[in-house]
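Note that the protein sequences, when read in sequence, are chains A and B.
Counting in the working numbering, the first sequence runs from 0 upward without gaps.
Counting in the working numbering, the second sequence runs from 5 upward without gaps.
Don't read these hints as lab results, they were simulated from the structure.
Incorrect hints may have been included.
Some chain A residues well away from chain B (every beta-carbon gap over 12 angstroms; in silico) [as the list claims (entries may be wrong)]:
hint, residue
1, V10
2, C12
3, K13
4, T16
5, K19
6, Q28
7, T30
8, E51
9, E62
10, A71
11, S72
12, T74
13, K98
14, G99
15, P109
16, L116
In silico BS3-like cross-links for lysine-lysine, where the CA-CA straight-line distance does not exceed 25 angstroms [stated by the list, open to error]:
hint, chain 1, residue 1, chain 2, residue 2
17, A, K98, B, K53
18, A, K40, B, K81
19, B, K103, A, K98
20, B, K103, A, K54
21, B, K103, A, K40
A virtual CB, placed ideally from N, CA and C, is assigned to each residue, including glycine.
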Amino acid sequence: GAVVSQHPSRVICKSGTSVKIECRSLDFQATTMFWYRQFPKQSLMLMATSNEGSKATYEQGVEKDKFLINHASLTLSTLTVTSAHPEDSSFYICSAREKGALYNEQFFGPGTRLTVL
Amino acid sequence: GNSVTQMEGPVTLSEEAFLTINCTYTATGYPSLFWYVQYPGEGLQLLLKATKADDKGSNKGFEATYRKETTSFHLEKGSVQVSDSAVYFCAQFSGGYNKLIFGAGTRLAVHP
Chain A
0 GAVVSQHPSR VICKSGTSVK IECRSLDFQA TTMFWYRQFP KQSLMLMATS NEGSKATYEQ
60 GVEKDKFLIN HASLTLSTLT VTSAHPEDSS FYICSAREKG ALYNEQFFGP GTRLTVL
Chain B
5 GNSVTQMEGP VTLSEEAFLT INCTYTATGY PSLFWYVQYP GEGLQLLLKA TKADDKGSNK
65 GFEATYRKET TSFHLEKGSV QVSDSAVYFC AQFSGGYNKL IFGAGTRLAV HP
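Sequences and hints are given; from them, build the entire structure.
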């Protein structure tokens, strides 16, 4: 089946620094990629949707200047958490969908656990 | 707004025990319903789905029936195996919101 990778799997950073998380579709072209966030014991929440070559669409309440998303190619999307603070500590998951696929036919990465000290 | 609520884990079972993980939803209209599974170190994978009331989704011995009357989509398996240990997510998709809405996930641990 289709594989999506994320890097890094775990990152610890100091408050005020920026962190970049990569999401790659390994064996298919992802015209749409999604970024989710999950706080402990809470639901997986969609943060933003990005289409290759276009600006990302952010969900209500998600700061686009803080969570920068770049989807510059059909196999790579990046999420940069700028000026990270402890409240940004969370589990970040990306998913990818091929052109023409049904909405639920998303392939998920294994996630990145971010800890901000 | 639309939401999904699932039972809090962890759920700990012995091998060959019967599994039920409860999931209820709130929605305007009739969303499609899904169960995803996440094995350790891997991404979420679609386990099964149902797109309309009374549909039963099934896969790998797991089943879930779309119950409109009780707005539920409980996951069941008659005899769990150690290899079923994972986190299970219930989710819905409705055209009105145009996004997958997930529950918090339920961790299942199966012991020999």
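Against the structure, the hints come out as follows:
1. V10: 16 angstroms, holds
2. C12: 22 angstroms, holds
3. K13: 27 angstroms, holds
4. T16: 26 angstroms, holds
5. K19: Given that every Cβ of chain B is farther than 12 angstroms from that of A/K19, nearest at about 19 angstroms, it holds.
6. Q28: At about 17 angstroms from chain B, A/Q28 clears the 12 angstroms cut-off, so the statement holds.
7. T30: Its Cβ never comes within 12 angstroms of chain B, the nearest being 16 angstroms, so this holds.
8. E51: 18 angstroms, holds
9. E62: 18 angstroms, holds
10. A71: Its Cβ never comes within 12 angstroms of chain B, the nearest being 22 angstroms, so this holds.
11. S72: 20 angstroms, holds
12. T74: Holds: least Cβ distance 15 angstroms, greater than 12 angstroms.
13. K98: 17 angstroms, holds
14. G99: Fine: 16 angstroms to the nearest Cβ keeps A/G99 off the interface.
15. P109: 5 angstroms, violated
16. L116: Per Cβ check, A/L116 is outside 12 angstroms of chain B; nearest 24 angstroms; holds.
17. A/K98 - B/K53: 21 angstroms, holds
18. A/K40 - B/K81: Distance of about 24 angstroms is within 25 angstroms: holds.
19. B/K103 - A/K98: 16 angstroms, holds
20. B/K103 - A/K54: 18 angstroms, holds
21. B/K103 - A/K40: Cα-Cα ~21 angstroms, so holds.
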